[in-house]
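Novice: We have chain A; now place chain B onto it with these hints.
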Amino acid sequence: MTIFEYAPAPETTRANVRKEYGLFIDGKWMAPASGRYFETVNPATEEVLAKVGHGDATDVDRAVRAARRAYEKYWRKMKPAERAKYLYRISRTLVERSRELAVLETMDGGKPVKESRDFDVPMSAAHFFYYAGWADKLEYAMRAGETPRPVGVAGQIVPWNFPLLMAAWKIAPALACGNTVVLKPAETTPLTALALAQIIEEADLPPGTVNVVTGDDTTGAALVEHEEVDKIAFTGSTEVGKRIARTTAGTRKRLTLELGGKAAHILFSDAPLDQAIEGVVNGIYFNQGHVCCAGSRLLVQESIHDEVVVRLTERIQTLRLGDPLDKNTDIGAINSKSQRDKILDLVRSGIDEGATLVQQACQIPERGYYFPASFFTGVQQSHRIAREEIFGPVLSVLTFRTADEAVEKANNTPYGLSAGVWTDKGSKNMYIAQRLKAGVVWCNTFNLFDPSSPFGGYRESGFGREGGVHGLKEYLAC
Amino acid sequence: MSVDAVTLETRANSLATRSIKTSAKVAGIHLAIRCMDLTSLEGKDSVGRVRSLCAKAARPAPGVPSVAAVCVYPSLVSAAKEALRGTLVRVASVATAFPSGLAPLDVKLADTRDAIEAGADEIDMVIDRGAFLAGDEQRVFDDIVAVKRVCANVRLKVILESGELGGYDDVRRAADLALDAGADFIKTSTGKAGTNATFPVAVTMCEAIREHARRTGRRAGLKIAGGVKTTKTALTYLVIVKEILGDGWLTPQYLRIGASSLLDDLLMQLEKEQTGAYAGLDYFPKD
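Protein chains in written order, with the working numbering: chain A, 2 to 479; chain B, -3 to 283.
Chain B extracted, bound-state conformation:
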């Protein structure tokens, strides 16, 4: 299915003008928190850092729901699992030579297996963009199928890294391919590329998910990731999912927002809606 950039961007921009105020804003903020994969993917991540991330994930603030999952590197999965014992927060792990995906298949599978054995409930894999851009879509497809086989019942999110693909047509083709290969979720970005999630890319991926559901009867999810820092941006993504996929997708089962600093902004905006005033940044724990 080809994609026309002009009308796609017009549509995305028009969805971004939806006015989300008062009760809608509060509901949206709660939903964004419930659908969040609170993420830390830095080289300097440590067990201590993961513990504090998990504490915040489980109880972001009084009266606020916990996030859907924390997302960490495979070596920190067991620490996260430990810290989240007794909560409903899941542990997601990036795998398959994240973020480049440039490793032999057996390394990617071992990476995935390790994360699952350490207790990961969800795997975020990357596609091999090099192979995709070289036209070797079969290899991309086969990789996903192989990783999915290792995952079995563990939820698999497939990162398309849209910022490294050659445009919306590629995004749509990669999305269709990942969905056909059995992805439970398709995810926009690693957060490590120059261009992260954008509204038109999200629209395109929603359309792929919608048509996949229509064609096969199987509902796949969408994960927005990378660069989502403000409440306003997060709410626009909710609008996009609501209007293109429908209310049925507005649950952590089918929608995730991968983010780090976004949570603080959501909490601050929530407080503002409740009290009418912005609290100082230091009222929100930083990590």
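Chain A on its own, in the form it takes in the complex:
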């Protein structure tokens, strides 16, 4: 008798990876001023994918000047409907090349191709489509009597967890509003941003409208410190966010920050439990938990704690960990060695502090950086794993008894990016949602995104909103 097991289902589309990438400045590809390059690695195989230009302060200066020229000469003066045409062109190309971009994203970052194919790339295109539609309707984003004006040159720094999508989130509204851009992609995942630069080049945007300068944190710092930058938009760690806030304080630079989180995912005993378990799994294991809004603290009503633990233990066994390019993979590679080390460190602290670790039993590939789906029970509010962002596939399970206790525990964190609530009772959902200190509260769902819906946090998760009409305001002066 044959057993029904999934055969390998590797994605067969090939991504065209160049051996070496320069910087995209003023509509041209150029070598970094220093002549230095760094390697970007496929975290699933530890193989070097390409050499990428290491931009320094000189390159950043070139890029910012190019962006300034493009802003004054073309982009701010262009008819809004014309700007929209360029944005539509970019979104259409993203759709046309979606499979190739998905493969590239997966190779460079380690996320399952299922996710890059079904989430990252279509959502990136959706953001360009959405903001293209706004370009000639900006006065409707303003209060009566206000005239929409662009801010100028935007310096944008994006993280490694959703490299293409975060670039799209930032570039699309900036361009729609008439700003020009210097983008600094994350050091470990520059390739899709560079592919986006190629698409922008093919779309024939005026030179300098979008510039991409790859590099490390010193490159980002040079961008933040540049005098000619009018606005900084940063997505990344709270630590770096704080540094940027200090640097820009007292300057004329506008700033938006989208930082870390330690989201509470609250499960009441009257929740639709089968779906709630799926929500919890999606909340923490989506993209290996490399998600700033991940539901990393599960607050379970005490009466259903044991049942939830049993179900969750069973459910994580069915997650398929392995080659991210396999279409049936649910959990891919951890983005980098240093990130895996950080996860290991926090998991060790959880064990040392007395929590109980539950993990999926699975074969870990010999090469590459992997970490199995995991959760801790018996977690106390004081444990590091309940307070610090792990940014990996590791969930901390805590309990509560009453709704007010759930709210108190949920809010007992310096962060405030997202939260989730599961209950079949609408009034309870509303009661809790109103009291949660989080920028996004998902009721009976999790990790649901749409370009028309604003996203962002408060407290140490940052400020400013991306997406929706709110996302426009960050790029408009009046």
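Among the hints, erroneous ones may be present.
What the hints assert, rightly or not - Listed next, with one range per pair, are the computed distances between beta-carbon atoms:
#, chain 1, residue 1, chain 2, residue 2, range
1, A, E240, B, Q270, 53 to 61 Å
2, B, G126, A, K429, 31 to 39 Å
3, B, Q134, A, Y141, 53 to 61 Å
As the list claims (entries may be wrong) - Below, a sample of chain A positions facing chain B; criterion: calculated Cβ distance under 7 Å:
#, residue
4, Y7
5, D27
6, G280
7, D425
8, S428
Derived by calculation from the structure, the hints in this document are not laboratory data.
Heads up, the beta-carbon is just placed ideally off N, CA and C, and yes, glycines get one too.
Specialist: Leaving out everything else, chain B in the frame of chain A:
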């Protein structure tokens, strides 16, 4: 247990994206055939038609396993039994005033008794959706218990007819009720309603079966029926059962797919996997 439609449908859709290729596809096709209730439930069914259905059920193609059962109306059970003598293929019969279930209980029981006396190995009954929707769940429960008593050791599949219920919450409640009443299998649809089996409904019923097993230790089966015409759809149902209930349910003892034309598509896809090319439709006997 309440059901949330948004996340349920997301989960079902994500299972439908599983990529089943090469060896997995061949194994899946074999499994789908072994778990098939090859069905003919038309008003114009005849003894001759049932005989040819049985011939195909017993030996769908060279090197291919026989199906699990044929499913016919009670009056054709004896013909099917006769035609399948000496094979491992079982005979299932719909009963209890199929497809509506709107008959007095004694008529339903007599219907069931007749089918069993004619030799049926399995009974597919329908629940009284009218009573269920009117809130008279006790009557639905009692009907199932009464039919089960008549069935004794004959396997009882209880059709929920999910397309006529008021949503996923109803499907889950009806599934729980049928399982508690002693159903050996719960089955999605009659194939006679506007909406047949769907992926989210199958997910919901799998979850009910899983929780029933956890609660009582008793394993019940799932039968998908109605509108399953393509290999791709059948394979997705196998994926759903595999990932929600586990490999232990991937046997004809716990899983059935009720279908008619599906068998031809499975055979055609199997041939394609083996030869690399699609054969013409006329290479597969139509009935």
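Novice: Looking back at the hints listed earlier, which ones does the structure fail to meet?
Specialist: 5, 8
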